[in-house]
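Student: One letter stands for each residue in the lines below.
There are 2 protein chains.
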Amino acid sequence: MILNYKAIMKLIGIIITIMAGLMLPSLLCSYFYNETNVVIAFWFTIIPMLVFGIIITRTVKADFNSLKIRDGYIIAALCWTLSSALGAVPFVISGYIPNYIDAFFETVSGFTTTGASILANVESLPKGLLFWRSFTHWIGGMGIILFAMALLPALGMRGQRIAMAEPAGPTIEKITPKISQSSKILYLIYISITLLEILLLELGGMSTFDAMINTFGSVGTGGYSNYNSSIAHYNNLYFEMVITVSMFLSGINFTLYYFVLRRHWKEFFSDRELRSYLLIVSAAVLLIALNLWFSNCYDSLGESLRYSVFQSVSIATTTGFSTANFDLWPTFSKMILFVLMFIGGCSSSTSSGIKIIRTLIVFKYLKNSISLRLHPRAVISIKINERPVSSDTVSGVINFVFLYIGVFFIGTLLLSLDNFDLITTASAIASCLGNVGPGFNLVGPELNYSIFSNASTLLLSFVMLVGRLELFTIILLFTKQFWNPDR
Amino acid sequence: MILNYKAIMKLIGIIITIMAGLMLPSLLCSYFYNETNVVIAFWFTIIPMLVFGIIITRTVKADFNSLKIRDGYIIAALCWTLSSALGAVPFVISGYIPNYIDAFFETVSGFTTTGASILANVESLPKGLLFWRSFTHWIGGMGIILFAMALLPALGMRGQRIAMAEPAGPTIEKITPKISQSSKILYLIYISITLLEILLLELGGMSTFDAMINTFGSVGTGGYSNYNSSIAHYNNLYFEMVITVSMFLSGINFTLYYFVLRRHWKEFFSDRELRSYLLIVSAAVLLIALNLWFSNCYDSLGESLRYSVFQSVSIATTTGFSTANFDLWPTFSKMILFVLMFIGGCSSSTSSGIKIIRTLIVFKYLKNSISLRLHPRAVISIKINERPVSSDTVSGVINFVFLYIGVFFIGTLLLSLDNFDLITTASAIASCLGNVGPGFNLVGPELNYSIFSNASTLLLSFVMLVGRLELFTIILLFTKQFWNPDR
Chain A
11 MILNYKAIMK LIGIIITIMA GLMLPSLLCS YFYNETNVVI AFWFTIIPML
61 VFGIIITRTV KADFNSLKIR DGYIIAALCW TLSSALGAVP FVISGYIPNY
111 IDAFFETVSG FTTTGASILA NVESLPKGLL FWRSFTHWIG GMGIILFAMA
161 LLPALGMRGQ RIAMAEPAGP TIEKITPKIS QSSKILYLIY ISITLLEILL
211 LELGGMSTFD AMINTFGSVG TGGYSNYNSS IAHYNNLYFE MVITVSMFLS
261 GINFTLYYFV LRRHWKEFFS DRELRSYLLI VSAAVLLIAL NLWFSNCYDS
311 LGESLRYSVF QSVSIATTTG FSTANFDLWP TFSKMILFVL MFIGGCSSST
361 SSGIKIIRTL IVFKYLKNSI SLRLHPRAVI SIKINERPVS SDTVSGVINF
411 VFLYIGVFFI GTLLLSLDNF DLITTASAIA SCLGNVGPGF NLVGPELNYS
461 IFSNASTLLL SFVMLVGRLE LFTIILLFTK QFWNPDR
Chain B
11 MILNYKAIMK LIGIIITIMA GLMLPSLLCS YFYNETNVVI AFWFTIIPML
61 VFGIIITRTV KADFNSLKIR DGYIIAALCW TLSSALGAVP FVISGYIPNY
111 IDAFFETVSG FTTTGASILA NVESLPKGLL FWRSFTHWIG GMGIILFAMA
161 LLPALGMRGQ RIAMAEPAGP TIEKITPKIS QSSKILYLIY ISITLLEILL
211 LELGGMSTFD AMINTFGSVG TGGYSNYNSS IAHYNNLYFE MVITVSMFLS
261 GINFTLYYFV LRRHWKEFFS DRELRSYLLI VSAAVLLIAL NLWFSNCYDS
311 LGESLRYSVF QSVSIATTTG FSTANFDLWP TFSKMILFVL MFIGGCSSST
361 SSGIKIIRTL IVFKYLKNSI SLRLHPRAVI SIKINERPVS SDTVSGVINF
411 VFLYIGVFFI GTLLLSLDNF DLITTASAIA SCLGNVGPGF NLVGPELNYS
461 IFSNASTLLL SFVMLVGRLE LFTIILLFTK QFWNPDR
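Protein chains in written order, with our numbering: chain A, 11 to 497; chain B, 11 to 497.
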C-alpha cells in the first residue's frame with residue numbers, strides 16, 4: 011500500500027466535521043437577516059456533513075504516526091479540494107449559483123484567498139451567503155499559514171520542506187519550541203489583526219457586516235467584496251487606508267510578528283524579505299503614481315498616489331480589492347500590476363504568488379551567474395539575512411519559479427481554447443495562479459469570470475489550488491511516480 | 011588596461027573593410043536596375059568605409075594572441091552593432107528611410123536575422139536597397155554560425171562557452187580538428203543550401219531577384235520579404251514548400267550536417283535536439299491545423315494544414331515569413347505561435363530564441379526535481395544523447411532561461427511607456443528578443459514597427475541584439491564588474 015488510506019479517511023472525517031462547524035457563523039448570519047431559504051440551504055448542508063463527518067471520525071481507526079510524505083501531499087490537496095466541494099453546496103441549494111461548477115469555482119476562489127468571482131451582480135446575494143463567501147477567505151488565510159508552518163512539519167515533512175515556503179527566512183521552530191504552541195500564537199496574531207481591523211472600520215462609520223466582509227477579504231488577502239465596485243463603493247480615504255495597512259500587514263511573513271511581540275525591532279526591520287517587500291511595493295506605488303499623473307488619468311499627483319497606493323498593495327499582496335478600474339490605466343501601470351501578480355507577497359503570509367524571498371534568491375543567483383562569466387573560478391554563495399542559502403534550497407527555488415512559469419504558459423494555452431483575447435486569457439491564469447482575483451480586459455476589476463466555459467471554470471479552479479498549495483503539492487499527484495510504489 | 015584597445019581597434023578596421031566589401035553585390039544590383047540615387051548612396055557609404063577601414067587595419071599594430079575574455083565580449087557586441095550602424099547609412103542617404111534611428115532598427119533587424127520592419131510599404135523600395143536589406147539576413151545568418159562555432163573558440167573562449175550555444179550537442183571541435191577548416195565546411199554547407207533554394211525557386215517560376223530575396227530570408231531565418239504581404243503574395247504551394255523546407259533545415263544544428271556529409275544517418279537522426287525540434291514543430295502544426303479547422307478559419311483540413319505548416323515552421327525557426335494574417339487566427343493558435351517564439355530553433359543554427367536544447371535541459375531538470383520531492387536522497391543526472399550534462403552546463407542553461415524571461419519582462423515594461431496595448435507591447439518584445447519579426451495586434455504580420463517612438467525603436471534594436479548574441483555577450487557590458495579591473 012503506497013498510501014495510508016485509513017488515516018487519510020479519518021482525516022477526511024475530521025475535515026468534514028470542522029467544515030460543518032465553520033459554516034455555523036454564516037448560518038447565524040442568515041438567521042439574523044431572516045433569509046429563510048439560505049437558512050434551509052445551510053441546514054441541508056451542515057446536517058449531512060456533521061452526520062457523515064462524525065461517523066467517519068468515530069468508526070475509522072487510524073495511526074497518524076505512520077503517515078508518510080505521500081500521505082501528506084494527498085491530505086493537503088484533499089483538505090482544500092474537499093472543503094471547496096462542500097462549501098459550494100449552500101450556493102447551489104439556495105439557488106443563487108445554480109451551476110455546481112460555478113459554485114465550486116466561487117468557493118475554491120474563497121478558500122484559496124483568490125477572490126475571483128463568477129457573479130455578475132454580487133449585491134443580489136443574500137447576506138448569509140455573502141458572509142460565507144468572505145468567511146472562506148478568512149478560513150483559507152488561517153489555513154495556509156498553518157499549512158506552511160504547522161501542518162507540514164507535523165506530518166514529518168520538515169526536512170523535506172515541500173513547499174519551500176520559507177527557504178531562508180526565520181522559521182517558527184527556531185523561535186518557539188513546540189508546534190502546537192506556535193500554532194496558537196499564530197492564531198492569536200491572525201485573530202488580533204482581524205478584530206483590530208473590524209474595530210477600526212466600524213470606528214470610521216462602516217456597518218459591522220461590511221466591516222467583517224472587508225476584514226475577511228483583506229486579512230486573508232482574498233478580495234471578495236459585497237459590492238460590485240469593490241472598495242471603490244465607499245470612496246472613503248479612511249477606509250482605504252485601514253484596508254491598505256491590513257493588506258500590507260497580511261502580506262508580511264507571520265513569523266516576523268514574534269519579533270514584534272518581543273519588541274526585537276532590529277531583527278524585524280533587518281529581515282531581507284521584508285525590506286525587499288517594502289522596496290518592491292514602494293517602487294510600484296511611485297512608478298504607477300507618476301505614470302497616472304503624467305497620463306492625466308487623475309487631476310493631481312495626490313489623487314494618483316491615493317489610487318496607486320491602494321491598487322499596488324492590493325495586487326502585490328494578491329488580495330485583489332480595487333478602488334479604481336485599473337484596466338483603464340495606461341499600459342505601463344498595468345504591466346507593473348501584472349508583474350506584481352507574479353511576485354506576490356512574503357513567504358508564510360496569507361498572500362500567494364512566487365513570493366518575495368524566491369524572487370530575491372533568483373535575483374541573487376542571476377547576479378552571481380553574471381559574475382561567473384568573468385571569473386569562472388570564483389566561488390560565490392547566496393546569503394539571505396547574513397546566512398548562506400544551501401544549494402538545495404536554491405535549486406528548490408529555481409524549480410519552483412520554472413514550474414510557476416510553466417503552469418502559467420500551459421494554463422494560458424488551455425484557457426485560450428475558449429478563444430477570448432490573449433490579455434483576458436493570460437491575465438485570468440496569472441491572477442488565479444497568484445490567487446489575486448481580477449485580471450485585465452474581460453476579467454478586469456469591474457467584470458467577472460462568468461464568461462468561461464465549464465471546462466475552463468474547472469481549469470481555473472485547479473490553477474487557483476495549484477497556486478495556493480505552492481505547485482508541487484498538486485502537481486506531484488499527477489505524476490506516474492507518485493502512484494508507482496516501486497519508484 | 012582592462013581591454014586590449016589596439017587589437018579591438020584593428021578588428022574594427024577589419025570589420026569596416028569587410029562590410030564595405032559585402033555592400034558590393036547590392037551596389038551591383040542597383041546598377042543593374044539603373045537606380046541612380048541608390049548607386050550614389052552606396053558609393054557614398056562604401057568609399058569612406060574602405061578608406062577608413064584600410065587605414066585603421068594598416069596603421070594599428072596589434073597582438074591578437076593577447077586577447078582576453080573581456081575583449082571577446084566587446085568584439086562580438088561591436089561587430090554586430092557597428093555593422094548595423096554602417097549598414098543603415100545607404101537607407102538614409104538614398105532618402106528611403108530618412109530617420110537614422112529607423113534605418114538602424116531596419117539594419118539591426120536584418121543582421122540579427124529578425125526581419126521586423128519599420129517600413130509600411132516595402133514594395134516602394136528600390137531593388138538595390140531591398141537586396142541589401144535581405145542580404146544582411148544572409149550575412150547575419152553566416153555570422154551567427156561562425157560566432158557560435160568558430161569566432162568564440164578562436165578567441166580562447168572555448169572553455170568559457172560564453173553563449174552556451176551548444177551545451178551538450180555535438181560540437182565542431184570533436185568532429186573536425188581545425189577551426190579554420192571547420193569554418194570552411196560550414197561556409198560550404200550554408201552556401202550550398204542557399205544556391206539549392208534559389209535554384210528550386212527559379213525552377214518553380216520565381217524571378218531570380220525574388221528567389222534571392224526569399225532565400226536570404228529563409229536560410230538566414232530572417233524573414234524580410236520584398237512584398238507587403240510576405241510569402242502570401244505568391245499564393246503558390248510549391249514556393250511555400252521549398253521555403254518551408256529551407257527554413258526548417260536552417261533551424262537545425264549545422265554541425266549535424268557533418269554527419270549527413272559522411273552519411274552517418276544514425277547519429278544524425280538520434281540527436282536528441284533534432285528529435286525534440288521535430289516533435290515540437292509537429293505538435294504545433296497539428297494543434298494549430300485542428301484549431302483552425304474546428305474554428306472554420308479555412309474550408310478544409312488540408313488548407314488548414316497548409317497554413318499551419320508554413321506558419322509553425324516560420325515562427326519556430328524564428329524566421330517570420332507569413333502566408334496568412336495569423337493575427338486573425340483563434341487565440342489558441344496564436345498562443346502556440348507565441349510559445350514557439352520563445353523556444354526557437356536548434357543551437358548552432360541560424361535561428362534564435364531560447365533554443366530547443368536549453369528547453370530540453372530545463373524540462374529534464376524540472377522532471378528530476380519532481381522525482382526528488384518523493385526521493386530526496388536519489389541522485390539523478392541529466393543526459394542528452396546518452397552523455398551526462400555537467401552541472402555547470404545545467405546552471406548555465408538555467409541562468410540563460412531566467413535572464414531571457416527577465417529581459418522579456420523588463421523590455422515589455424519599458425516598451426509599455428509608449429502606451430500601446432499589452433499584446434502589441436509584449437509580442438513586439440518577444441518577437442524582437444527571439445529574432446522572429448512579426449508579433450500580434452499592431453505589430454501583426456501585415457503591419458510594422460513604425461508605430462513606436464524613437465526611444466522605443468532603439469530599445470527594440472537593443473533587444474534584437476541581446477537576443478541574437480545570446481544575452482550574456484551584451485548584458486555583461488552593462489555591469490559594473492565588466493569595467494572594473496579589480497574584480
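Just so you know, these hints were derived from the structure itself, not from any lab. Bear in mind that the values here come from a model prediction, so they are computed numbers and not experimental data. Any given hint might turn out to be false.
Copies of the same chain look alike in the list, so a pair counts if it works inside one copy or between any two.
[What the hints assert, rightly or not] Quick list of in silico lysine-lysine cross-link-like pairs, DSS-like style, CA-CA up to 30 Å:
| id | residue 1 | residue 2 |
| --- | --- | --- |
| 1 | 16 | 374 |
| 2 | 194 | 71 |
| 3 | 393 | 374 |
| 4 | 137 | 20 |
| 5 | 137 | 78 |
| 6 | 276 | 16 |
| 7 | 393 | 137 |
| 8 | 137 | 71 |
Student: Next step is simple, just say for each hint if it's right about the structure.
Tutor: Outcome of the hint check:
no.	hint	verdict
1	16 <-> 374	neither (45 Å within a copy, 35 Å between copies)
2	194 <-> 71	within (27 Å within a copy, 76 Å between copies)
3	393 <-> 374	both (9 Å within a copy, 27 Å between copies)
4	137 <-> 20	neither (33 Å within a copy, 79 Å between copies)
5	137 <-> 78	neither (42 Å within a copy, 72 Å between copies)
6	276 <-> 16	neither (47 Å within a copy, 53 Å between copies)
7	393 <-> 137	neither (49 Å within a copy, 59 Å between copies)
8	137 <-> 71	neither (40 Å within a copy, 85 Å between copies)
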